[in-house]
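Construct the complete structure from the given sequences, taking the supplied hints into account.
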Amino acid sequence: MDFVRNFPCISIMLCLFAGIISSGLRGKAAMLVNTGLLVTNTVLSACTLLYTLSTGASFVYVMGRFPAPWGNEIRAGVLESLIALFFCIIMLLSLFGGRHKLLQGVEEGKLYLYYVLMDLLLSSLLALVYTNDMFTAYVFVEINTISACGLIMIRQNGRTIEAAVRYMIMSLLGSGMLLLGLCMLYDLTGHLLMSNIKESVALIVAEGEYTIPLIVSIVLMSVGLCIKSALFPFHAWLPDAYGYSTVSSAAVLSSLVSKGYIFLLIKIIYRVIGFDIYHDTRIIDILFLFGLMGMIFGSTSAIRENDIRRMIAFSSVAQIGYIYMGFGMGTEAGMTASVFHILSHAATKSLLFIAAVGLTDVSGRNRQFIELTGSGYRNRWAGVAFTVGSLAMVGVPLFSGFISKLLFAQAAVQNHAKMLPALIVLGISTILNAIYFMKTVIRIYTPVEDTPYPSVTFRDRPVYAVVLTAFIVLNVMLGISSQPVVDMIRQGLAMFA
Amino acid sequence: MSKLKPQEEYEKTSAFRFFRWLSGSKDPYVGEVEMKAQRETVIPEETITERMRESEMIRDRIYDGEQNKASRIFHRIYVAVAIFFCIALVGVLLLTVSCLPPNGNADNPVNNVVSERYIESGLQETGALNIVSGMILTYRAFDTFGETNVLFIATCCVMILLMLDDAILKKQAVMNDRRYEPKNDTILQGVAFVLCPVIFIFGIYIILNGHLSPGGGFSGGAVMGSGLILYVAAFGFQKTQRFFDEHVYKIAKITALCMYGLIGTYFYMMGANGIDDHIPLGIPGHILSSGIILPINVCVGLEVACTMYAFYALFRRGGL
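Chains E and Z, in that order, are what the protein sequence lines are. 1 is the number of the first residue of the first sequence in the working numbering; add one for each residue after it. 498 is the number of the first residue of the second sequence in the working numbering; add one for each residue after it.
None of these hints come from the bench; they were simulated from the model. Where a beta carbon is used, it is the ideal one built from N, C-alpha and C, also for glycine. Hints may contain errors.
Claimed, not checked - Residues of chain E placed beyond 12 Å of chain Z at every Cβ, according to the derived structure:
(1) Lys28
(2) Ser58
(3) Gly71
(4) Phe275
(5) Phe402
(6) Ile480
(7) Leu493
Stated by the list, open to error - What the simulated footprint calls covered on chain Z by chain E, stretch by stretch (three residues with Cβ under 8 Å from a Cβ of chain E suffice, anywhere in the stretch; the number is not a length):
(8) 537–551
(9) 585–592
(10) 647–658
(11) 692–700
(12) 746–752
(13) 770–777
Structure below.
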């Protein structure tokens, strides 16, 4: 066996070890451990990606001495390692970009706990991406939920505590539904391993037995994961959680945590239930409908918002709607578009959060639009970055958002029944996106005569500027050379089946 | 020709004041009106509370069904929809349960090759008489390591929420420690004196016999944690800190989890790469048997005991 095959297991275990060891270190040392971990994991995931690309097949890694239906397994293919690589890069950039705010918002004595949570969050994300076992997925969903709560409330004020409580209640509801669905599925199939469940489910459907419990368990799992990833009617926890937590947390939560759950849902659709069976249950139409509603209502809420952070948070609701709309198409093309949008939204949303904090910092930490007037001149890096992020969100060519919208439109054209609603809502949503993002861009580039706020240059915050540049490069790269990424996604989805 | 008045008398007449006002030679307010620089407005606390009460009263009025018709209608619809939704959900779930395979039937899908191998060859493959321990710590070792980390991260979150700074802690230590509990309660101390050693020994017994009899790291750790809690409730933090303070807690927790992680990693990587591992399974039934299960049980027990105690201490006084 090639040594590269050990890398997914090693990267998950490294995260857990880093978290455990960091709990005995001081803030600075924990930060160094975390940075080292993220760099190592980026390298490991890149190696796995190259390996799977070169062999052209996915591989299964048995965690222990006992093979398939008895022991735990993880599985790595092109898509898994691509997503893992992307998650590591985004988390690294988000943490560097928000570091100065972290030092302001968190008590000195509790700083190490932040990095403990981040390490464990990364471990759970990687485990969700790589797992081939439903119960392992559930265990790491738990870790993910608890660490996300901690990340929200580590900046302790009334709003974040309230947001964390809301997040916890909604998220635990989602976990509960996932567990309930999982238990039913186990009762019907007698397996926890994804590939074995899939075989048994195909058998059950062929025999026509247990139709109701099967559909109910699929619904419970889907809705549970929808709640956790803030699909439209279940998004009430989102604006506060993203709007008031410290900026790195907001960036990580919006671009990684919700995406981890969405990726788990993709795995459930492809590897647990089977794409055709899932498609035949018609749950996919409900996801489609919720996705469309989210695209409209998320954007209208964002337009009404007067707080820049909450506006970006509401925009996430709309973008999650796009992803679920892609699921709802029920085609390979729709799924490819969704997965690409997971990447592009992750790269853009974290950029927007981190750029927005630069703008509010040069406006006396006010987040109201009236105070942000002209802030694009006071912090030029943040202004440019915010503009790039906005253009990407709206879907202007050259940036990543354009490609995902193009893919969604192409997917919609291939599906006759859903073409019209999808294209109309896509158009409306793009205009609404443009309204609130361009409003903000015009606002930050409106000159003001005498401002009481000081300007910030590159020399004041070199790390911050470098991080923003890296994010911009990532966005433009996804926008310009999208074809290799799309090919990898197609290849990865083909490996899923 | 009018009679000339002396200057002093003339100044008292209203004509003089009128002509003086007309010529503007004197500001009529100066000397007449008391003038002060404007003071900064200080709103007394009563006013603030009054205003808060009023705004709350307004809010109560708005949400009061009798005053606000729209709110009343919304509330009724809300309740009706909620009740309908819950009944529908209960109905669907009951229907689902009735369609599930009947409990205890031998032909159920659950009774398949998976559980068969756990039951039939579990003893040879894991060396543990306790099948449950054997299953969760060898066949599904990765899940259990994740589960242990859930406990670890839960403590971290409670620390974020409740942990106080050392300085504050020292200041409040004397005051807060026994605010709601009797100091040096003789009965409690007497009972704890007898019970604590028994509880600790029982906990250690459960952990060490995890692979032989019902129990294991999680249950034994919970027993030991409750023993620690009883001790601290009876004798106070000062006496507990002589053998279990934050430093010891950290060392114990990190050592336990790291040991578990190392054993786990060794087990996964050896198994996955097809290398024979050299941990002997021993003779089933002996205390030193069943390979990795015993050390893992000890690690889990230590971690669980630490977690239980940490929860109690953090909730009670915000520090260990």
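Here is what the structure says about each hint:
Every CB of chain Z is more than 12 Å from the CB of Lys28(E) (nearest about 17 Å), matching its label as outside the interface. For Ser58(E), the requirement that its beta carbon stay farther than 12 Å from each beta carbon of chain Z is met, with the minimum near 15 Å. Distance check for Gly71(E) against chain Z: the nearest CB is about 5 Å away, which does not clear 12 Å, and the non-interface claim fails. Against the 12 Å criterion, Phe275(E) stays outside the reach of chain Z, whose nearest CB is about 22 Å from its own CB.
The Cβ of Phe402(E) sits about 39 Å from the closest Cβ of chain Z, beyond the 12 Å cut-off, so the non-interface label holds. With a cut of 12 Å on Cβ distances, Ile480(E) stays outside the contact zone with chain Z, its closest approach being about 39 Å. For Leu493(E), the condition that its CB be more than 12 Å from all CB atoms of chain Z holds, with the nearest at approximately 26 Å. Judged by the Cβ-Cβ criterion of 8 Å, the stretch 537–551 of chain Z is not covered by chain E as claimed, because only 0 of its residues qualify and three are needed.
Look at the stretch 585–592 of chain Z against chain E: 3 of its residues bring a Cβ nearer than 8 Å to a Cβ of that chain, three or more, so the hint holds. Against chain E, the stretch 647–658 of chain Z contributes 9 residues with a C-beta closer than 8 Å to a partner C-beta. That satisfies the three-residue criterion, and the hint holds. Here the stretch 692–700 of chain Z counts 0 residues with a CB under 8 Å from a CB of chain E, which misses the bar of 3, and the coverage is violated. Only residues whose beta carbon comes within less than 8 Å of a beta carbon in chain E count, and the stretch 746–752 of chain Z has 4; three or more means the coverage holds.
Coverage of the stretch 770–777 of chain Z by chain E holds in this model, with 3 residues showing a Cβ closer than 8 Å to a Cβ of that chain against a need of three.
Checked against the numbered hints given earlier, this structure breaks hints 3, 8 and 11; the rest are met.
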